[in-house]
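Student: Hey, can you work out the whole structure from these sequences and the hints?
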Amino acid sequence: MGFMHLKPQTHSTVITYAIVVVAFIVVTLLDGMGLISNSLSGQLVPICAYVSLAVSLNLVVGVSGELSLGHAGFMSVGAFTGVIVAGCLARMGVESELLLFAGSAVVGAVVAGIIGFLVGIPVMRLRGDYLAIVTLAFGEIIKNLLNNFYIGVDDAGLHFSMTDSSSLGMSQGTILINGPKGAVGIDKISTFVLGVVVVLITVAVVLNLMHSRDGRAIMAVRDNRIAAESVGINTTKYRLIAFTVASALAGMAGVLYAMNYSTVIPSQFDFNQSILILVYVVLGGMGNISGSIISAAFLTVLPEVLRPINNYRMLIYAVVLILVMVVPHTKVYQRAADALRERFHKAAPKPAAEGGEADE
Amino acid sequence: MEFLANLINGMSLGSVYAIIALGYTMVYGIAKMLNFAHGDIIMVGAYICFCAVSYLGLPVIAGILLSVVGCTVLGIVIERLAYKPLRSAPSLNVLITAIGVSYFLQNAALLIMGSDPKSFSMILSLPALHLFDGRLTISATAVITILACVAIMVALTMFTGRTKMGKAMRACSEDRDAAQLMGINVNSTISMVFAIGSGLAAIAGVLMCAAYPTLMPTTGSMPGIKAFTAAVLGGIGSIPGAALGGVLLGIIEIFARAYIGTQLADAVVFAVLIVMLLIRPAGLLGKPVNEKV
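Protein chains in written order, with the working numbering: chain P, 767 to 1126; chain B, 6 to 298.
Since the hints were made in silico from the structure, they are not lab data. Among the clues, some could well be false.
Chain B regions said to be covered by chain P (calculated; three or more residues, Cβ under 8 Å) [as the list claims (entries may be wrong)]:
1. 19-26
2. 273-280
Within a straight-line C-alpha distance of at most 27 Å, the following computed DSSO-like cross-link-like pairs (lysine-lysine) qualify [as the list claims (entries may be wrong)]:
3. B:LYS123 with B:LYS172
4. B:LYS172 with B:LYS89
5. B:LYS123 with P:LYS947
6. P:LYS1097 with B:LYS89
7. B:LYS292 with B:LYS37
8. B:LYS37 with P:LYS1097
9. B:LYS292 with B:LYS172
10. B:LYS169 with B:LYS123
11. B:LYS169 with B:LYS37
Label-pair ranges, simulated between beta-carbon atoms [stated by the list, open to error]:
12. B:PRO95 with P:ARG1101: 18 to 26 Å
13. P:ILE992 with B:TYR217: 45 to 53 Å
14. P:SER996 with B:LEU186: 28 to 36 Å
15. B:SER93 with P:GLU1108: 33 to 41 Å
16. P:SER996 with B:SER120: 31 to 39 Å
17. P:TYR1078 with B:SER59: 20 to 28 Å
18. B:ILE265 with P:THR776: 52 to 60 Å
19. B:MET170 with P:SER933: 20 to 28 Å
20. B:THR267 with P:GLY951: 38 to 46 Å
All figures in this text were calculated on a predicted structure; none of them were measured in a lab. Just so it is clear, CB atoms sit at the ideal spot from N, CA and C, and this is done for glycine as well.
Tutor: Okay, structure coming up:
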């Protein structure tokens, strides 16, 4: 049986993994030949982090159909938990960077997942724009709380305060999280290889969930909540599963992101960050995992590529964003698309609905 | 006395939120879209007024008028270019376009005006009110802001209730297709709503910068989010709801800042929103919509 004879679902799954693996090989080869500029190679880990974030947010927005505007909040929970775990492990004498990273990533994902679950319980009582605003509110609350957290570690264990770093009561420990100044003195242990591993884990979790019985239930709830409910699907449960899994994956990506810098501050993970991730998802196509991967990578690189025209780059980014959304809905474009479609697929039926592809 | 002073400051901040929230709620009511660029219109309005007064030397009133006109035109242009082609598109595409417009406005302002904060203190130089033997001081800005909010609310209620255009707006937000069948020009009605919302945003921008006199390209984004929160709190789509939500949010924010701490004030504001929405999922004055199968 050839590749083309696989089930469409398997087909797209293979393509999704292939994109990640091929991109990894190509970038590694180019890097080995010294063809990647410094500024771009500095972006490799953030690209992986944003790809994971976009894929996980797609689980909420595309697959489960709920607009979440607080994804960066879960990212920051993961990031700061990871920093604490790495700090503690390092103090306990763990030296292997791989172990440090794995430990922080796992704990970061678990804690972000738990927070996601707790946030999800009230959030899933709401729908539509009300749900969106509440996720936004939770994201802002997480950011504000982290701005007031002071955490340090010494031989006696962890110290926590919400007033300032001097009230931690440590004589010679290290301060891990210093309120608005954020997490300081992080070991930069994230690498491109670890980033690709995180992306592959995220993609595997999301794709497996989508193609499982639970995933089909989640999509049924998205497509028609009332019909799904009437055939006995517990809608709240399945929306909550998607939300929790996505939060945990965002936490893992947050660990990857934080470990790439020596400092991260809570206000980095604000509403704009959430919006940035949402833009990747919508541009890549709702529910389309390979779309999220490509658009996240492309849009993270785009401002870097535009760096020579530094002053205008965000302006151009904005214009590109608007054009990508508006142009497919203009009459000129639709006429051209119709003409092309007729020429190449004479027998193919016209797509039923306008706009975003439903799923893979 | 401190309590009273906080209450008045809260009402003044809340009035600004209410004026911004009116723009959000009207646009949502009629176009069913979250106009994320609305916060940045505030910033543009404040910059226009700032430039008119400090560079062109115009009187304050002329500056305000100029910024209202400028923002109204900007609102209509944005609607025509960016949102109108997307009438039939999925709502998320419209949302992303609005975010694109928001980035565009912020970065255009950054290019034109620079990133250094402009001080915006010259706008109102009226003396403050001293009550109770000087134990309670109310700034003229606070009084004017509250009065402006009340005047706008009354005018808007009259407009939507009495005039033909206002009735058309309500008809469009109730059922766009049916309104079109009744001979209402839906496109021009939507433009009108954007025009009114943006004009109000300009006023809000000037009032806000009179009270908090630092003007930067990102000035509008946080008040924009808060006003959006206020609109949802009051029940999005409802005009009295937006006013109530805005004033409540302002009061809560000022009290949280005074009694809980500046750092956690925003967290408290959003926590109140979450609790309110859990108790009344359609907002304070919103009508719960039952889904029909």
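Student: Hint by hint, say whether it matches the structure.
Tutor: Results for each hint:
1. Under a criterion of three residues with beta carbons nearer than 8 Å to beta carbons of chain P, the stated coverage of the region 19-26 of chain B fails, only 0 such residues being counted.
2. Residues of the region 273-280 of chain B lying with their CB closer than 8 Å to a CB of chain P number 4, which satisfies the three-residue condition for coverage.
3. The hinted pair formed by B:LYS123 and B:LYS172 fails the criterion: a straight-line CA distance of about 41 Å is larger than 27 Å.
4. The hinted pair formed by B:LYS172 and B:LYS89 meets the criterion: a straight-line CA distance of about 22 Å does not exceed 27 Å.
5. Annotation: proposed proximity of B:LYS123 to P:LYS947 holds, straight-line Cα distance about 26 Å (limit 27 Å).
6. About 12 Å separates the Cα atoms of P:LYS1097 and B:LYS89, which keeps this hinted pair within 27 Å; it holds.
7. Taking the CA atoms of B:LYS292 and B:LYS37, the gap is near 15 Å; set against the 27 Å cutoff, the hint holds.
8. A threshold of 27 Å between alpha carbons decides the hint, and for B:LYS37 with P:LYS1097 the separation of about 22 Å falls inside it, so the pair holds.
9. Between the alpha carbons of B:LYS292 and B:LYS172 the distance comes to roughly 19 Å, so the proposed pair stays at or under 27 Å and holds.
10. In summary, the hint linking B:LYS169 to B:LYS123 is not supported, as the alpha carbons are separated by about 42 Å, beyond the 27 Å threshold.
11. Annotation: proposed proximity of B:LYS169 to B:LYS37 holds, straight-line Cα distance about 21 Å (limit 27 Å).
12. Taking 18 to 26 Å as the suggested C-beta distance range, the pair B:PRO95 and P:ARG1101 conforms, at roughly 21 Å.
13. Roughly 47 Å separates the CB atoms of P:ILE992 and B:TYR217, a value that falls within the hinted 45 to 53 Å.
14. With their beta carbons about 33 Å apart, P:SER996 and B:LEU186 fall inside the hinted range of 28 to 36 Å.
15. At about 22 Å, the beta-carbon gap between B:SER93 and P:GLU1108 misses the expected band of 33 to 41 Å.
16. Our hint of 31 to 39 Å for P:SER996 and B:SER120 is violated, since their Cβ atoms are close to 55 Å apart.
17. A C-beta distance of roughly 26 Å is found between P:TYR1078 and B:SER59, which places it inside the suggested range of 20 to 28 Å.
18. Between B:ILE265 and P:THR776 the C-beta distance comes to about 55 Å, which sits within the given range of 52 to 60 Å.
19. In this structure the supplied range 20 to 28 Å is violated for B:MET170 paired with P:SER933, their Cβ-Cβ distance being about 60 Å.
20. Separation of B:THR267 from P:GLY951 is about 27 Å and departs from the stated range, judged on CB atoms against 38 to 46 Å.
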